[in-house]
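J.: Once you've looked at the hints, go ahead and assemble the two chains, each given alone in its own frame, into the complex.
Residue numbers (my numbering), protein chains in the order written: chain A, 1 to 840; chain B, 1 to 70.
Calculated from the structure, these hints are not laboratory results.
Cβ atoms here follow ideal geometry from the backbone N, Cα and C, with glycine treated the same way.
The hints are all genuine.
The list that follows gives simulated cross-link-like pairs (lysine to aspartate or glutamate, EDC-like), each with its CA atoms no further than 16 Å apart: (1) A:K801 with A:E823; (2) B:K33 with A:D548; (3) A:K184 with B:E46; (4) A:K7 with A:D25; (5) A:K684 with A:D656; (6) A:K572 with A:D656; (7) A:K585 with A:D560; (8) A:K184 with B:D49; (9) A:K139 with A:D175; (10) A:K101 with A:E121; (11) A:K300 with A:E359; (12) A:K761 with A:D840; (13) A:K224 with A:D522; (14) B:K33 with A:E541; (15) A:K96 with A:D28; (16) B:K33 with A:E546; (17) A:K538 with B:E63; (18) A:K558 with B:E26; (19) A:K135 with A:D123; (20) A:K8 with A:E713; (21) A:K135 with A:D89.
Heads up, incomplete: computed chain B residues facing chain A, CB under 8 Å, no partners named: (22) T25; (23) Q54; (24) L58.
DEER-style ranges, computed between Cβ atoms: (25) B:A47 with A:S589: 28 to 36 Å; (26) A:K8 with B:G48: 38 to 46 Å; (27) A:S83 with B:D49: 36 to 44 Å; (28) B:Q54 with A:A209: 29 to 37 Å; (29) B:E63 with A:D178: 19 to 27 Å.
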Amino acid sequence: MTRPRVKKIEIQGFRSFGKLRQSCDLPDTVSVLWGGNSQGKTSFAEALEFLFTGQIARRELLASAKDEFSEALRNAHIAPEASVIVEADILCGDGKTRRLKRTLIEDYKRGGAAGCASRLEIDGVTCAEHELEAKLGIKLSQAPLRAPVLTQHTLGYVFSASPIERSNYFRAILDTQDLEDFRKAVATLPQLLKAPELLALTLLAVLEAAPAFTAAAARLRKAKNEAEVATILLQTTSTLLTSVGIEPLKTLAETIVQLETELGRRRSQTFPLDLLTRKALLAWGGPSSDLQQAIEAFLKEKAAVSAEAQRFVDLFRAALALPDHDTDHAPLDCPLCAAKATLTQERLTFIVEQVRATEGYTAAAEALQRQMRVIDGQLDALIASLDQALPKFMSKLSLERRKAGFSLAAIRKLVADQDAATAWSATSRQLWRASRQLRRGIAAAKAELHAAIENPSEWSGQEALAAALKGVQAEQGFFETRMLAYAAAAAAIEGPLEAAVDEGTQTKGWAQLIALGKTPADLWMALLAAAAHAAKVKAHEKALAEIDTGIGIVTDEKFDLLSKAVRSWWDKLRPDEPVFFDAVKRRSSAARRNIDLRVGLAAKEDRSDAKFRDAVAVLSQSQLHCLGLSLFLARAVQEGAGFIVLDDPVLTSDDDYRPNFASSVIEALLAEGLQVVICSQDYKSCKDIGHRWEHKGVGRFQIVRNDPVLGSEIRSESDTLATMLAKAQPFVKSADPVLRKEGAAKLREAIERFCKVMLVKDRQSKGDSAASITDYDGKNFSDYGATVMNLLTQDPAHPGKLKAAHAYVTPGPHDDKPPSKGELAGAFGDIKAFKRDYLD
Amino acid sequence: MTDKSATEAASSAEASETAGTPTNTERLRSHLKPQSLAAALLSTWEAGDQTGAQARLLAALQEFKAEATE
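So that you can see chain B by itself, here it is in the shape it has in the complex (with noise of 0.2 Å):
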């Protein structure tokens, strides 16, 4: 499981856990193609606070088509 799959697993269990319903971000999620950038972007904006958020996103872009052109 990479880091990033082990961050959305538990801050799905806990959201969970503790509302009982799926979060915004875990409906918006179940709307997006799960290999898509804007699934990589949500996922990379969930991964951290705010600040920073641009420069986290931004470099989830760059690798994103990194891996697509490789």
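Chain A on its own, in the form it takes in the complex (with noise of 0.2 Å):
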């Protein structure tokens, strides 16, 4: 599959170009564009690297001057509605050519940081930059020289980049950025790998900042197993315990009991911690909806039973529960009241019946009462809760508090932040009143639940309660608010207080070996835990250190490739001077980011007394340039581009080594398999490259921009008249008359070459397929003028105007006198139509 190449290229609006599309078809070989200064060149050039990319890299690369490529790529002197694109067909792997079409939609903006926008198509069909590469070969580079186009500002950008810039170009040309994902990747690990979080290692960490116990948890950390760390314990708490002169009991656990009762005594003779304790509230979650369910059916069967039936339902149910009146008999007397012989059988039967039409009512009244007994003991269960979760201290008479030594006072002592313990005052006041405001609350919905549960047939607080309900659950979470500000506060004096009162107490470290005490076992399994973690930290270390140096390896494998290339191009360009390229290196082999570019100093033809510098230290403005030019070479090898575009690749004033790069620099372009396209402003080279490549088929082409408004135009060399035109115009209206003698010479060469064209094509047309235009060399216009006039058939006075024309730039024998500004634009202007008429 071969490289893609550009077949045609067609530009319009953008930069120095006009409205009017200019067009050029490139060989697959070598194309030379010559052009004088602001003709349009770097236009060309950059109208490729915009076609491709979307944007122009000298705008990235002046990073401190990007507002002012505002409104750049646009034509200034195009109307806005005029559409500014970029066109080339490609020739792609597949042999198939295909459109691709780059029009801009959005200028660079001031501020813009973002760029211009574009729209980009192959064959007409909207498509998204990576199908470059999909559908057309096009594999762009790594940025901001992205695009297979040299310009002169592109050129010295790897030499003035940060060294993380310059890092980032040759990783692109190594072509390492896999490796280096893989890198990142594994040295990213260790975020993910997390350290065991346990209360254990907690406590030994806080233990071996205590200097008492750095030797012991030092032992601990070493233990083997986990009687071992209970021995090192029961080591540590005996010989603590001995020596504030307890004499410790034999087990661990009797030692930590021993420890622990000591420590409360110590802690309690400075400063009651013990009273700031807490637990977390048990919230309640509100009634459930089968407290709304039994209040609805309470309330549905109430209405459907008399109030007189629900007030002696109780009593019926009591009468009826008598022996023997479930049969026929006399009446009896009454059992409640005792009034003679009034239950009969028909009040007995009146009395059945009333109970069974009750029957749902009191289903659904003791429904209630059960619905409300639950919501009942969760309020307790609330109330129970609230006590624990407040402080401690908030239990305590303000007599005890004082006995106790537990003041805002003590604690302001002990704790250095005094704003802490503001804070922590005004919260504490705060959480209070929120815990009283609570239980007003919770008394007011007990209140109305008790009168539902116990007198359900007289209720009718439905609303009550639920008011009050909600009233707890907004009061609860008013408390909870509280209790989160209050713990903030709480923390950032518990732990200050908690260090002071064991420095004051000398129990530095005492909670914690207590609590480690309590659970050897928890320990050890922490202890088995950190060290697994550890050994993973230390084996990813490994690793990641192998890694480094194995892709350091590679990256200087790469490099080498890399510097013989370059070396290769600059041996091409500048074959046996004692100043030659070396190598494209890391500054070591530690570096990650520094790439060095070394250059040897040789005073021998053999270089064998080479001294080796950095090559932009020493470096002359040419030898950087040819640099430049030789890593974009060996890049655009490296990462094989199809074609490359150079603008200017040689320094005018380097005229030494131009021959070299027309000759064997192209040459190895060209073995390489690349289409070369070349901008210069360097006439010599241009026809120097064209000669040599001719055989090639290379194309020859001008860039001229005779009007701003019109803009740059692009021409075909074969085009010689229009060439010569182009080279005397700009001496055609010169005030300088030396100038303007120089425009008659060139405009009388182009009134003869009008002559021997037209002769040629009249030939030509009589069947002469052999007339050249080789012909008439050594021959002039006195020789062959009149016939050409009898040509000029179109207009009478076309012969006269050829003739004056002629007259005008050919001066007398002794005439030293220049033609007048007026007489070269009468005759430059005359050949011009002539052109036009006779021979486009």
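T.: Written as structure tokens, this is what we have:
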């Protein structure tokens, strides 16, 4: 599969190009575009860059001047509605030619860091940039020099780039991003490899920080098993007890109790820390839907039963509960009021009916009572939890607190951060008030519940109950908010307070030792987890170091290959020069970001005495230019580019090296399979390249911009007459007589060329296919002028105009006076018109 | 042959066929100790695409240590 080729380029409205579309057909091999200063060569090169990338790299490189590129892509002289388009026919690897088109949608704006906007199309279908590679085989490079286009502005990028930019540039050339991605993924593993967060390890860390226990903590870290952990803890607690005058008991559990007792005693002498302890609030989730259902069912049944029946239902039940009234019998005395012979069969039947009628109501009332009791119990639990959720000191009377030594003043003495103590005090008061409000709310709700439970038939407080329960929930939420504020404020003083107390009582680390001593098994498990984690971290570090070393070696290998390629291009451009390119390499084996460009300075021809220096420091501007070109060419080859565009690749001042470029460099590029497009202001070089590579079908073009409004024009150099006229034009209107004289000579050559082309065209039209311009070599206007005038038949005035034009530009034998501006302009205009009327 | 080594062999053969020159990862592997964690991580990296690579690498790291401590 061959590499992509640019077959044709069309440019419209881009930078120096005007609204009339300019185009040129490029051969597969070499194309050279000649143009003087400010004619549009760089615009041509950047048009291709814009086509492929949608940007121009120059703006990215001049980071501080981005705003200055505002409206830079659109030709300043074209109408706002005129399109800015760059198109190219790309011959793809599959042998098919596809049309690539980029249309500017929005130009660069001042303050618009994102750049310009454009639309990319392949064969008329809008596409994304990655499709350049997928559909056309055009692979772009690393930013900012993404397109295979070298301009004067981008040539020195690698020398002026920051170390990171330079590193990225070369990494892209070396194509080692996959290794960097791998390395990065491995390097970030520790973030995922979380250290075990276990209470025992936290306690051990505190113990390690307490000088009295540092050694013991170190021994615990190295313990081999759980028994050893317990032994060390026992030894530590025993030693500690002994040191404070307490005879230690035998087991760890016993010594821990002894130590805890002693710690409590000592702390209480300084400050009662336990009065700050509290538990979490077991929040009430609110009444369940069962309550509401029970209330609704009860109210429904209640409405269906008369008030009298509701009142007497219990009495009726009591009457029915008596024996011997389920069969016919004589009237009995009423068992409830003792009235004589009042409980007749008829009355008994009535009572049974009444009880049946109130069964639903009774069941609903019982269900309601059950639900009310459930809620009542939940509120009792909430009160109990509330008591425990408050710090212990709040349950003590002020006298008790003072007796225990608990006061704000005492806290202020022990805590250095007075603001923290003030905040704790304020949040304590707020918490207390919130707890009172919650209690009041609970009491109100309980009162409503009890009213219903005790006398459901008289109860009608469903709305008041609902409001009271909602109130409890609201107060509970408020209390929780206050609790959070208190917890934050308390956390700020508890640590310092405990440290100060332990410091004052010389018990630093005791609490942690006690906690660890209570569960040595937990500590052992935590130590195992910590050891496993440490082993993983160590293994990871070792692996990453090995990967870094390996990537470094791979990078060096690839740098060696690149260095050879750059050296090869340098030697083609500057053979036998005592200064030569040596290598591009990492600054050291450990360096990841610093890339050096090293050159050799030799006095001997065989370079055996070379001294090596940094290129940027010792190379001249011309040499740096050459190195930049060498790097670009090496990169293009390395990345498998199909074509390259070079804008003035060799400095005008480098006359000695121009032939090397025209011959050996282009030869090597063609051998690499690259299509080469060169823009140059040096006519001699363009002509030289044209001659040298004629056998390869070199394409020769001229870029001229005679009128800023019309913009740059691309002309094929096969139209030699047009080229001659273009070269003459700048001199025609010159005020300088010397320049006008030169212009007259150029115009005279153009007139002679016109005549020869007319003669060849006439002969060819008459069947002389062998007719050639060279047939008239050595002849001049006097030889063929009359014949040509006979061919100018479109206007009777034409022969005379040709004769006059030639006379204007042809001085007499002793005539040093140059033609006037008017004469030259007239002659120039006539020949241009003849060309249009008879040849184009 | 394990799945891992089969994958390595397949990708290595494919790379050799298509490019003729060693790939970057092949070059890197030649500079890593065969039984090392670094080599195991590289194999894991190559065994799938970048989606989920971190999780695979982490598992490889955990697994490697588990083997080593058994």
